[in-house]
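**Q** Residue numbers (the working numbering), protein chains in the order written: chain A, 289 to 619; chain B, 3 to 315; chain C, 1148 to 1463.
In short, the hints are calculated from the structure, not lab data. Here the structure is a predicted model, which means the values were calculated and not measured. Backbone N, C-alpha and C define an ideal beta-carbon position, used for all residues, glycine too. It is possible that some hints are incorrect.
[Unchecked claim] Straight-line distance between alpha carbons at most 25 Å, and here's what the computed SDA-like set of lysine to any residue pairs gives:
(1) C:LYS1280 - C:GLN1241
(2) C:LYS1332 - C:SER1358
(3) A:LYS528 - C:ASP1440
(4) C:LYS1252 - A:TRP454
(5) A:LYS523 - C:ARG1267
(6) A:LYS523 - C:SER1358
(7) A:LYS528 - C:ARG1230
(8) A:LYS523 - C:MET1244
(9) C:LYS1207 - A:ARG419
(10) A:LYS523 - C:ARG1230
(11) A:LYS528 - C:LEU1326
(12) A:LYS523 - C:LEU1326
(13) A:LYS528 - C:SER1358
(14) A:LYS523 - C:VAL1271
(15) A:LYS528 - C:LYS1394
(16) A:LYS528 - C:HIS1208
(17) A:LYS523 - C:GLY1398
(18) A:LYS523 - C:ASP1165
(19) A:LYS523 - C:LYS1332
(20) C:LYS1252 - A:TYR292
(21) A:LYS523 - C:SER1245
(22) C:LYS1280 - C:ARG1230
[Unchecked claim] Okay, the calculated bits of chain A under chain C, using three or more residues with CB under 8 Å as the criterion:
(23) 469-483
(24) 527-534
What follows is each chain in one-letter form.
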Amino acid sequence: MRGYLARKTLVYSLTFVVAVTLNWLIPRLMPGDPVQRMVARAAVQHPETIASMTDYYERTFGLDLPVWQQYLNYWAALFRGDLGTSVWLFPAPVSEVVLDAVPYTLGIMIPAILLSWVVGNSVGAMAARSRWLDNVALPIGYLITAMPYMWLAILLAWGFGVALGWFPVAGGYDFGLVPQWSWSFALDLLQHWVLPFLSLFLVALGGWAIGMRNLIIYELESDYSNYLAALGAPKRLIRKYAFRNAMLPQITGLALQLGTILGGALVTEIVFAYPGLGKLVLSAIQNQDFFLLQGTLLFVVIGVLLANFVIDIVYVLVDPRTRTGLTGATA
Amino acid sequence: MTATQPTAAPGTEAGEQPAVTGPAVSGGRKAQGDVRETLYFALRNPKVLIGLVVVLGFLLLGLLGPLFLRHAPMDYAGPPMAPPSADFPFGTTTFGQDVFAQFVAGLRSTFLVGLLGGGVAAVIGMTIGFVAGYRGGLIDELLNMLTNVVLVIPGFVVLIIINAYLGVRSVPMQALYIGIFTWPWVARAVRSQTLSLRSRDFIDLARLSGVGVGTILRREVAPNMYSYLFMTFVLLFGGSILTAASLDFIGLGPTNAMSLGLMMNQAVQWSALHLGLWWWFIPPGLGITLIVGSLYIMNVGLDEVFNPKLREM
Amino acid sequence: MALAVNDLKVWYRTRRGDVKALDGVTFEVADGEIMGIAGESGCGKTTLGKALIRLDTRMKHVGGTVVLDDDELPLADDAAMRRHRYREVSLIPQYAMSAMNPTRKIGRMIRDLLSAHNVRYTEVLPELERRLKLVGLETDVLGRYPIELSGGMKQRVVLVLSTLLNPSLLIGDEVTSALDVSSQKAVARALVEFRDHGFVKSMIVITHDISVLFQVADTILVMYAGHLAEKAPAKTIISDPLHPYTKMLIGALPKVGDRYEEQQLEGIEGRPPSLLEPPAGCRFRDRCPLAHDKCAEAPPFREVSEGHHVACWAVS
């Protein structure tokens, strides 16, 4: 078990280093003088702002320093929690802007991921049980997984928001309200949350259901299932075992799909103008605010890595094979 | 990054977990006659047929459609916000652009990005997987580490950074970047398949007779995995399309081409939802869903074709 | 008489037609008898083993009866068959190495299985522990996961588990083929011991390894292409085989431990006939040095001396 976690930790640390390095490197691959380009792209009018931005970029990029020192400085700043200053919301620090947006993204992502996982697994297990249900559920599942996240979001916004008027279609809360701890505000938050959540939930659902169905069918054909059947075990017991064992790859799948679902959350937020990280990414791109963009994305990477690590620990707890060591044989 | 592996089992670290719907790689070399037999069964499998017809239909529309159109995608061709009519089968945008013309042009980008993105990812993933699985030892350790690192990095995020900084002018460029970040699960699957094939007798025989690694991989390992590799490519094809659509939608798509993602981006940006211009945003998303969904369903059918055990049931 | 099989036919459904893997076999297994089945791959021995306990999805019961302890087994009815499994017919599968759920502790799995048969785990536990010790296992294997056990240990756990409710008939399919020689011997000994202790009334042992048959079997049944060729006490089969196929099968085994699948049978040219549309008459005819006109007619499986049955026109 320790070996398993140690290996995982190594992979995540390496991944972190690679991600940060890419984040540092890519802006430096821009053709021409990056500072001039960025200031020009930002299209800010105030000479004062331009001067302070130029100064700031030059200091931060430290282009006069040797490359290795630039790189080390970047890491040092990172560990101080300094992700730079937003150009778009100048002079707000990027880390603050990002932290304000994080709750919204987590608020739709976590329930969508967990619920779609639970519901999808149940639907998949049911589909593996009956041929009729399987023939209906399978094509639907594949079509849902094939939907671009933003398209389902657009359809929901149009159908339930614009056409039926049941839910608001933009923002995290009504623009007329001031954020506060009150029932009416909470209700308003909830109303704005429903459609983005539903959209993310539905697209993710199909994949889990299909995965579970395939895994269960595979488990039901496995040796231990056949042996139990030969020993007269009832279908109920065999299915129970198959379901439990099929859950294990689905837990790993959760880790692997995080990045995908996260991408989905970003574009879904953009459709609903939901004030999470996705909207931040869009605003950063539209305003050429590269510090904000990089900061947001770095934050996302760290989040994904942490979540992966948590999932790995859960996996160790549920799969005895990782605990006992794979070599097994003690005799 | 959108769901790239709906059917492949996410391989667990803790045990040899074969790809769930991946075809069982049969031992021994496939005889030439098998190709004809596979085709025979493929063309009689309803899932393969339906999938193939839908995908080819859209492909033909994308290839031949522009020849019959009077307007370029961005031309201000008619009255603004016109609903579908004989002149404009998919209606027009707020600026009077022909949505059908945009759709047809977008189909071309979609197929191109699927083909190239899927191709790049397949080549990288298969090469790394083959070599890691076949060579084993330190090379395997290193390649495996690389695979795991790229697997954990949220590729979509890196793609955003790359596209934002370096700019992506063309569809092939976009496809290349997508391919670079979507290969890891292919590498993992191919590696474990290669590992299991490596231990078979016929590989030993080839090795004993002093044939080079490349030749063995090409002549002995690959033929036994063709069906698996083909299905993998189909999944990558669909995945690339979805990823590209998301990038285009954020506004990080190619600057010199029309695409289905860009259509959705413009529709949302110019309030098509609030104006009720459903003909603007429904076709591009529906097109992608049908193409990718058909690919997935075709894959399920192919699995039944390649895996005789499923076929006989 | 424990088991009476009468004209049993079990075919495989395939796209190209029915494969007549088991095409009318009739034999008996007495109380306390360990009967080994020998024959090349595809002779129907594995099909026979499966047919007696659980048909797989592609197999169909075409005809014939199986009577165990005066009860006819409803082979084709999976649900009705369930009552007979484990308590009356049990199995040690070919895949014993992977037969146990990898994510359940062994004791827990046994508990689940027993409660599905309305047997209280705690009541059986003392006997379970006694039998584990008998095959040389510590009782703490019950608290372990299958992956923690070696191949030989898993094989022995499966043996104990499969026979825990003292079945009338145990089918052992390739019980030893995955093991090294010393584990093979231990498992073979355990099989005989279990019969001697009365844990199992009679056994059918199917194996590629004919030396294992000599070690454990009282009688040996030789099959060829879905038909029976010869059945006799193990000693008689070695010392005095009558069917030409048996003679070649034995003759093709210069040393104990050789597996007859892997080598060309001495003097036997050709291969067994296709079972999609097998020829009428004796199925060994094409490869038989003694074949004559009469062989176009299927030879009956006759008792030529006490307990010695042969299906061959050349033997009278």
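**Q** Hint by hint, which ones does the structure fall short of?
**A** Structure breaks hints 3, 4, 6, 11, 12, 13, 15, 16, 17, 18, 19, 22 and 23.
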